[in-house]
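Listed here are the chains, written in short residue letters.
Number of protein chains: 2
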Amino acid sequence: MKLNDLNTNPWTLARRAEKMNPSVIREILKVTEKPGIISFAGGLPSPRTFPVSAFSEACAKVLREDGQAALQYAASEGYGPLREAVASQLPWLVDPAQVLITTGSQQGLDLVAKVLVDAGSRILVETPTYLGALQAFSPMEPEVVSVDSDAEGVDVDDVAAKAGTGASRARFLYVLPNFQNPTGRTMSEARRAALSARAAQLGLPLIEDNPYGDLWFDAPPPLPLTARNPEGCIYLGSFSKVLAPGLRLGFVVAPRHVMPKLLQAKQAADLHSPSFNQRMVAEVMKHGFLDRHVPTIRALYKSQRDAMLAALSKEMAGLGVQWNTPDGGMFLWARLPQGMDAVALLPKAVAKNVAFVPGAAFYADNPDPRALRLSFVTASVDQINTGIAALAEAIREARGA
Amino acid sequence: MKLNDLNTNPWTLARRAEKMNPSVIREILKVTEKPGIISFAGGLPSPRTFPVSAFSEACAKVLREDGQAALQYAASEGYGPLREAVASQLPWLVDPAQVLITTGSQQGLDLVAKVLVDAGSRILVETPTYLGALQAFSPMEPEVVSVDSDAEGVDVDDVAAKAGTGASRARFLYVLPNFQNPTGRTMSEARRAALSARAAQLGLPLIEDNPYGDLWFDAPPPLPLTARNPEGCIYLGSFSKVLAPGLRLGFVVAPRHVMPKLLQAKQAADLHSPSFNQRMVAEVMKHGFLDRHVPTIRALYKSQRDAMLAALSKEMAGLGVQWNTPDGGMFLWARLPQGMDAVALLPKAVAKNVAFVPGAAFYADNPDPRALRLSFVTASVDQINTGIAALAEAIREARGA
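Chains as they are written, first to last, in this note's numbering: chain A, 1 to 401; chain E, 1 to 401.
Here chain A stands alone, though its shape is the one from the complex:
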């Protein structure tokens, strides 16, 4: 190496950075940005659900009545009234002191990893699991172990088999029990009861991620795992799906043993989440706003899910494609016939102006090449009909090829 080269690139990357790769989904989303494409790929809430006028009023009020405080540095824990509002809306007894406001629930995952994961620590995840969680945990260099899972959630015996002992004892099991990203599946009441009991018996902490729980269609999902054993669980929530993602606000509910460390990690990460945004959301949430607003999101997303199910039944007939029926959330999980590969199908679909995310992106190991994730919330019903027909056509051609 010439001295000149050394001068040009003096940077030595950390080991974790060498392993970082661009998000597969991010790369896919770039491909799907061509004009006119119908995208079932992104995990974007429908912007029709954003309460723009409520935010306008809240902004004006916060700046008029409390502008200087809203624009000043603030406590790392979060804005008191927002922490209280979060605590009071959760279905178990939560002390607001156990609530930490985060810069989206993604940051909650980053903080959890910083506080609980050493290089080489074993952590357990569902099969498949949320890709963003894998990305957030990865910088702390865990050993990620996938737990067998079915339509009701993780296999509790496999959790016990993989929980490990001694130095290889898992630091936690990460689960997304309601309308999971990517599968849309929900952990049943029986599975929750069994997992909660077994985790307590094993001394296995649970990280429960619940960004979609409020988006149920016919009936609310069963009680959260954290409600069953608050001292053994960290619960992550988000305002992104019930209000809007662009404010980047989420929260963590953590037990007393962990909260002080999460708070210190939060302070080191970004001092605090935007005080202005926290006051806006606290203002919008007053007087039962969510009780009126969230049902409108549920109704919209249910009608979109129904449209996608109907289009799949019509267009996929005879193609050997399988799919599930999510009870809420934003995603539906489909499986191509034996021998087909969703990654290979994607460019053929994009050529027909429709996009999805290959399911392989969501597995910590042993990906299922036949799986694909379809979001039913961003596209309109007309687009869903056109897009599913195009997807069926792409599958038909790929089968014939």
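Heads up, some of the hints might be wrong.
For chains that are exact copies, the list does not tell them apart, and a pair is met inside one copy or across any two.
[Stated by the list, open to error] Result set (SDA-like, lysine to any residue): computed pairs, CA atoms no more than 25 Å apart in a straight line:
hint : residue 1 : residue 2
1    : K61       : A398
2    : K302      : Q68
3    : K314      : A389
4    : K30       : R256
5    : K19       : S168
6    : K314      : V294
7    : K30       : Q68
8    : K348      : L44
9    : K30       : Q98
10   : K19       : P260
11   : K19       : G166
12   : K286      : S56
Hints are computed from structural coordinates only; laboratory data are not their basis. Because the structure is a prediction, the values reported are computed rather than measured.
Here the structure of chain A is known, so what remains is to put chain E in place on it, guided by the hints.
Chain E in isolation, oriented as in the chain A frame:
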């Protein structure tokens, strides 16, 4: 351990978390929250400088014209027009593609550490240095080495002596050249030229943190280090001191070799900084707003610095206290006479209704027990006069004791 205990606390903390401690400053600020206290302790910009009405207009406009996009998920890099505005205001040629918008410049420090620091990696810092940087770097478990520093900045020969070789080669030197937190000192032009040349020769990357650079009083500070060698430096900037901290917006300017990894770390940390806040700031910055607004902050802070210097000259006469004269920023650095200890002085000062931060908090090692940091921007001129008199009285009593 009884099984019951195991069930109650199943949490194993990461090694880095065991080492996390509450911020000394945070604990001090709690002590100083008693009513009626005059605080020179916090690093809070004067809320009188926050352009509340400009933000009100910008909020309303963003939500009216672009509400759905402002509230949706967005690119991890940041909002294009804001990245362009940042690039165009910097005093060297910056491609907007090299600008990453962060959740405050504190997050820039977190991302830099994630991408560049392995456990045990040597990093160099000034003596003393910004406490928040030590906190942000600490989770990646570096070996932090303090470089000798004087009133003009780091000792360049000591940088070379401590840069290390082979596996112990320092990953970077972290510097805050303009109106440093905590000392208020500015790195001279001669020192910048020498450091820039020596760092390039050593292949030592520089992390240049510049939150206060726009807050100069009589003349702008010398050209940033990054402007002299953009491929060898990462530059961190902030909107907290020129607009408002409560929006939590800062930025990183990074060379091509490092930017993709910083971006991936950013995505894993919080997906992106709030799109709404980014659009608000881009809107406020239009039509040269900062060119009109920042001079008003400079004038205010200069008058407050002058008031504190005058009060110190008057009240500390004969007490053997030394202090410097910062050319900008928010902080002044003082030193108690031989034999006195700033930590021991603090409760005596608080008893007289005045607070400061003991300088010891800002040293990676070998703290100077006599140093203290005084912020001159949060208190009013009247409070500065009263508070410095009270501080002098506390020193007088402590000397006599």
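We went through each hint and held it up to the structure:
When the C-alpha separation of K61 and A398 is checked against a cutoff of 25 Å, the pair qualifies neither within a copy, at 56 Å, nor between copies, at 48 Å. For the homomeric pair K302 and Q68, the shortest alpha-carbon distance between copies (21 Å) is at most 25 Å, but the shortest distance inside one copy (42 Å) is not. When the C-alpha separation of K314 and A389 is checked against a cutoff of 25 Å, the pair qualifies only within one copy, where the shortest distance is 9 Å, while the shortest distance between copies is 83 Å. Within a single copy, K30 and R256 get their C-alpha atoms only as close as 42 Å, which misses the 25 Å cut-off; across copies the closest is 20 Å, which meets it.
Proximity of K19 and S168 under a CA criterion of 25 Å is satisfied in both settings, with 22 Å inside one chain copy and 21 Å between copies. In this homomeric assembly, K314 and V294 never come within 25 Å of each other (Cα to Cα): the closest approach is 30 Å inside a single copy and 62 Å across copies. Taking the shortest Cα distances, K30 and Q68 sit within 25 Å of each other only across copies (20 Å), while inside one copy they are farther apart (40 Å). Taking CA atoms no more than 25 Å apart as the test, K348 paired with L44 passes inside one copy only; the shortest distance there is 23 Å, against 56 Å between copies.
For the homomeric pair K30 and Q98, the shortest alpha-carbon distance between copies (19 Å) is at most 25 Å, but the shortest distance inside one copy (39 Å) is not. Proximity of K19 and P260 under a CA criterion of 25 Å is satisfied inter-copy only: 12 Å between copies versus 30 Å inside one chain copy. When the C-alpha separation of K19 and G166 is checked against a cutoff of 25 Å, the pair qualifies only between copies, where the shortest distance is 22 Å, while the shortest distance within a copy is 27 Å. Taking identical chains as interchangeable, the C-alpha atoms of K286 and S56 lie at most 25 Å apart whether they share a chain (15 Å) or sit on different chains (21 Å).
Checked against the numbered hints listed earlier, the structure breaks hints 1, 6; every other hint is satisfied.
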